[in-house]
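*Asks:* Okay, here's what each chain looks like letter by letter:
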Amino acid sequence: MRKIGGLPLSRKINERVQAIPPSGIRRFFELVIGRKDVISLGVGEPDFPVPWSIRESMIYSLEKGWTSYTSNRGLKELRDGIAEYYRKFGVETCGENVLITTGVSEGLDLALRATINPGDIVLIPEPCYVAYKPLAFLAYGEPVSIPTNPDFRVNYDLLKPYSKFDPKVLIVNYPNNPTGVTYTKKELEEIADFVVENDMIVISDEIYAELTYRGKHISIASLNGMEERTIVLNGFSKAYAMTGFRIGYAIAPEEIIKAMTKIHQYCMLCAPITSQIGALEALKLKEEEMDRIRAEYMRKRNFFVKRLSRFLNVRMPDGAFYAFPSVRETGLSSEEFAERLLMEKGVAVVPGNAFGECGEGFVRCAYAVSMEKLKEAVERMEEFVENLKSK
Amino acid sequence: MSKELEVLRILEDNAKLTPKEIAEMVGLSEDDVRRIIKKFEDEGVILKYKTLIDWEKVGEEVVYAIIDVRVTLTREKSYDDIAKRIAKFPEVHAVRLISGDYDFQVVVKGKSLKDVAFFVAEKISTLPEVRDTFTHFVLRSYKEEGVLLFKDEEDRRLAFVP
Numbered sequence: 001m002r003k004i005g006g007l008p009l010s011r012k013i014n015e016r017v018q019a020i021p022p023s024g025i026r027r028f029f030e031l032v033i034g035r036k037d038v039i040s041l042g043v044g045e046p047d048f049p050v051p052w053s054i055r056e057s058m059i060y061s062l063e064k065g066w067t068s069y070t071s072n073r074g075l076k077e078l079r080d081g082i083a084e085y086y087r088k089f090g091v092e093t094c095g096e097n098v099l100i101t102t103g104v105s106e107g108l109d110l111a112l113r114a115t116i117n118p119g120d121i122v123l124i125p126e127p128c129y130v131a132y133k134p135l136a137f138l139a140y141g142e143p144v145s146i147p148t149n150p151d152f153r154v155n156y157d158l159l160k161p162y163s164k165f166d167p168k169v170l171i172v173n174y175p176n177n178p179t180g181v182t183y184t185k186k187e188l189e190e191i192a193d194f195v196v197e198n199d200m201i202v203i204s205d206e207i208y209a210e211l212t213y214r215g216k217h218i219s220i221a222s223l224n225g226m227e228e229r230t231i232v233l234n235g236f237s238k239a240y241a242m243t244g245f246r247i248g249y250a251i252a253p254e255e256i257i258k259a260m261t262k263i264h265q266y267c268m269l270c271a272p273i274t275s276q277i278g279a280l281e282a283l284k285l286k287e288e289e290m291d292r293i294r295a296e297y298m299r300k301r302n303f304f305v306k307r308l309s310r311f312l313n314v315r316m317p318d319g320a321f322y323a324f325p326s327v328r329e330t331g332l333s334s335e336e337f338a339e340r341l342l343m344e345k346g347v348a349v350v351p352g353n354a355f356g357e358c359g360e361g362f363v364r365c366a367y368a369v370s371m372e373k374l375k376e377a378v379e380r381m382e383e384f385v386e387n388l389k390s391k
Numbered sequence: 392m393s394k395e396l397e398v399l400r401i402l403e404d405n406a407k408l409t410p411k412e413i414a415e416m417v418g419l420s421e422d423d424v425r426r427i428i429k430k431f432e433d434e435g436v437i438l439k440y441k442t443l444i445d446w447e448k449v450g451e452e453v454v455y456a457i458i459d460v461r462v463t464l465t466r467e468k469s470y471d472d473i474a475k476r477i478a479k480f481p482e483v484h485a486v487r488l489i490s491g492d493y494d495f496q497v498v499v500k501g502k503s504l505k506d507v508a509f510f511v512a513e514k515i516s517t518l519p520e521v522r523d524t525f526t527h528f529v530l531r532s533y534k535e536e537g538v539l540l541f542k543d544e545e546d547r548r549l550a551f552v553p
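Just so you know, the protein sequences line up as chains A and B, in that order.
Mapping the first sequence onto this note's numbering, position 272 (from 1) lands on 272, and the numbers just tick up by one.
Each number in this note's numbering corresponds to the 1-based position in the second sequence with 391 added.
Hints were generated in silico from the structure; no laboratory data involved.
Do not rely on the hints blindly, as some may be mistaken.
Claimed, not checked - What follows is a list of derived Cβ distance ranges for each label pair: (1) A/Glu92 / B/Arg425: 44 to 50 angstroms; (2) B/Lys394 / A/Lys36: 35 to 41 angstroms; (3) B/Leu438 / A/Tyr156: 53 to 59 angstroms; (4) B/Glu535 / A/Arg27: 43 to 49 angstroms; (5) B/Phe541 / A/Glu289: 43 to 49 angstroms; (6) A/Lys258 / B/Glu535: 37 to 43 angstroms; (7) B/Lys468 / A/Leu62: 53 to 59 angstroms; (8) B/Glu421 / A/Glu289: 47 to 53 angstroms; (9) A/Ser309 / B/Glu535: 34 to 40 angstroms; (10) B/His484 / A/Met343: 47 to 53 angstroms; (11) A/Glu289 / B/His527: 30 to 36 angstroms; (12) A/Lys36 / B/Glu421: 33 to 39 angstroms; (13) A/Glu339 / B/Ser532: 45 to 51 angstroms.
Stated by the list, open to error - Pairs of lysine-lysine, DSS-like flavour, derived with a Cα cap of 27 angstroms: (14) B/Lys479 / A/Lys389; (15) B/Lys479 / A/Lys300; (16) B/Lys468 / B/Lys479; (17) A/Lys375 / B/Lys479.
Idealized CB from N, CA, C, for every residue including glycine.
Given the sequences, and given the hints that come with them, work out the whole structure.
*Replies:* Structure, rendered in C-alpha cells:
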C-alpha cells in the first residue's frame with residue numbers, strides 16, 4: 001500500500017487530492033458556531049453590501065428573463081468594458097484578451113491548468129492566499145514556496161536563487177493578502193527582469209488593485225515585454241463586495257486565453273449571467289464612488305494599525321484590507337494566539353501559518369468592519385496581549 | 392481630498408467620534424484635529440451636532456407636514472424676507488425655496504394633525520404675502536437624513552474566510 005505522510009492511500013481518491021492537508025481554518029470555524037459576542041476580523045470580504053445600483057440591475061435583468069447561458073468567454077460588452085477599465089492600471093488590451101470567470105478562484109485554476117505540464121515548477125512567494133499552492137499541485141505542477149520574511153516583499157535578489165529550478169510560473173499577488181504589501185513600478189520591473197531572464201509566465205492576482213492606498217496600482221502586464229507572458233487575474237469581489245456572485249476575469253495573451261477558454265468551456269461553460277450583468281453595472285460606478293469606498297477603508301486602516309502598534313509589532317499595509325501583526329512577543333504560536341483570543345475575548349483572527357510556513361508568528365486581521373466593532377475588537381486585543389505580557 | 396475636509400466628512404457621518412479617534416483615522420495629531428474642528432465651528436461651517444431619533448419607537452407621536460406655499464412678491468418683500476419670517480416659528484422644521492408651481496416648501500412639525508393644521512391656518516396662511524398653501528401630511532417616513540428607517544439587511548458573512 002502506498003502512503004503519503006504516513007497515511008495509507010485510498011484507492012478511490014486521487015493521490016494529489018489525498019496529499020493536500022485539510023484546511024487549518026476549519027477548526028476555528030467550529031469554535032465560533034453559536035457564539036453571539038464574536039467580532040470577526042477573520043473575513044476576507046468587505047463589510048458593506050453590494051451597492052444597490054448593481055443589485056437593482058441584476059433584479060431587473062431577472063424580471064426581463066435574462067437567465068440563459070452566455071458565450072463561453074462571457075458577455076462581449078463586459079469583456080470590452082473590462083479591457084477599457086484596465087487602462088487605468090496601464091494595460092492596453094481589448095475584449096478578445098479577456099475571459100470572464102467564476103471568481104478569481106476559477107481564473108487561477110484555469111491559468112495553472114492551461115500553462116503547466118506535469119512536474120513544472122511554480123514559484124509561490126509566501127505568505128500568500130491559501131489557494132495558490134493546492135491548485136498548482138492539483139494541476140500537477142510542483143509548487144516551490146519562497147519565504148519573504150522579514151518585510152514580506154519580493155525582489156530580484158530574493159528570486160535569483162530560484163532560477164536553478166528552471167521555474168515555469170511565478171504567482172504574484174499585490175496588494176497582498178494577507179500582508180497588504182504592494183509594489184511600485186520600479187520594484188515590479190525587478191520582478192519582471194527575473195521573469196524574462198528565466199522565460200517564465202507570471203500569474204498576477206490583482207484582486208485588491210482598487211484598494212491601493214499609497215500611489216496607484218500598476219499592473220505588471222503593463223511593463224515592457226510582460227504583456228506576452230502575464231496572466232492578470234481580477235474580479236468584482238473585493239472592490240464591489242460581490243463575493244457571493246463569484247465573478248472574475250482573466251486578461252492574457254490570445255494564445256493563453258484560448259487555452260484557458262478551452263478548459264473553461266468544459267468545466268464551467270460560462271460565468272453566471274446574472275453575475276455578469278451585475279459586473280457590467282459595477283463598471284459604471286463613478287470613480288468618486290470608488291474613491292469614497294477607498295477613503296473609508298483607509299481611515300479604518302489608519303485607525304486600526306495605529307492602535308495595534310501600541311501593543312503589537314505591525315507594518316502599515318499599503319493595500320487590501322488586512323493588517324498582519326507579529327504575535328511573537330506574546331510567546332504564543334499563531335494558532336495558539338488566534339484560538340485563545342477567540343475563546344477568551346471573542347475576537348476572530350486568522351493564524352498566519354494558514355498563508356504559508358513563514359506566516360508563523362503572525363495573525364491576519366481584516367479591518368473591513370464597522371468603526372464601532374473595530375474599536376471594540378482592538379480594545380479586546382489590547383487587553384488580551386497586555387495580560388499575556390504581564391505574566 | 393484635503394485632511395480638513397476629510398475631518399468634516401467623518402464628522403458628518405458620525406459626530407460621536409472623539410478627536411483622538413479622528414486623528415488616528417486621518418493620520419493627524421489630536422491637537423490638529425481639535426484645531427480644525429474649532430476653526431470650522433467658529434466659521435459656522437459646522438452648524439450644530441444633533442442626534443437622529445426614531446421617536447415612534449418610544450411611542451411618541453410626531454406629525455410632519457409638507458406645506459407648499461405660494462407667495463406674492465412686492466418691492467418691499469423679497470423671497471428672503473418672507474422665508475425668514477416663516478423660518479422663525481419653532482414649529483417650522485425646514486424652509487426651502489423651490490422651483491415649480493409653488494415658491495416655498497415648508498416642513499412643519501407638530502404633536503397632532505390638528506396641531507399642524509391650526510398652525511398653518513393661523514400662522515402661515517394669514518401672512519399677507521401668502522397667496523395660498525397646499526398641505527401634505529407625512530404618513531410614514533422610510534429614510535431621513537440619508538439614514539434608512541427600516542432594517543431589512545443583516546450581516547450574513549461567515550466568521551472565517553481566507
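*Asks:* So, for every hint listed, does it hold in this structure?
*Replies:* Hints and how they fare:
Taken as a hint, the range 44 to 50 angstroms holds for the pair A/Glu92 and B/Arg425, whose Cβ atoms sit roughly 49 angstroms apart. At about 38 angstroms, the CB distance of B/Lys394 to A/Lys36 agrees with the hint of 35 to 41 angstroms. Checked against the hint of 53 to 59 angstroms, the C-beta distance between B/Leu438 and A/Tyr156 comes to roughly 56 angstroms, which is consistent with it. Our hint of 43 to 49 angstroms for B/Glu535 and A/Arg27 holds, since their Cβ atoms are close to 45 angstroms apart.
Range check, B/Phe541 to A/Glu289: Cβ separation about 23 angstroms, and the 43 to 49 angstroms hint is violated. Look at A/Lys258 against B/Glu535: about 55 angstroms separates their beta carbons, and that is not inside 37 to 43 angstroms. Against the hinted window of 53 to 59 angstroms, the Cβ-Cβ separation of B/Lys468 and A/Leu62 comes to about 55 angstroms, which satisfies the hint. About 31 angstroms separates the C-beta atoms of B/Glu421 and A/Glu289, a value inconsistent with the hinted range of 47 to 53 angstroms.
In this structure, A/Ser309 and B/Glu535 meet the distance hint of 34 to 40 angstroms, their C-beta atoms being roughly 39 angstroms apart. Checked against the hint of 47 to 53 angstroms, the pair B/His484 and A/Met343 passes, with Cβ atoms roughly 51 angstroms apart. Hint check: A/Glu289 to B/His527, Cβ distance near 32 angstroms, so the stated range 30 to 36 angstroms holds. Take A/Lys36 and B/Glu421: their Cβ atoms lie about 34 angstroms apart, and the range 33 to 39 angstroms holds.
Checked against the hint of 45 to 51 angstroms, the pair A/Glu339 and B/Ser532 passes, with Cβ atoms roughly 47 angstroms apart. A C-alpha spacing of about 61 angstroms is found between B/Lys479 and A/Lys389, which places the hinted pair above 27 angstroms, so the restraint is violated. The straight-line distance between the Cα atoms of B/Lys479 and A/Lys300 is roughly 41 angstroms, outside the 27 angstroms bound, and the hint therefore fails. For a cut-off of 27 angstroms, the pair hint linking B/Lys468 to B/Lys479 stands: about 16 angstroms separates their Cα positions.
For the hint pairing A/Lys375 with B/Lys479, the CA-to-CA distance comes to about 41 angstroms; that exceeds 27 angstroms, so the pair is violated.
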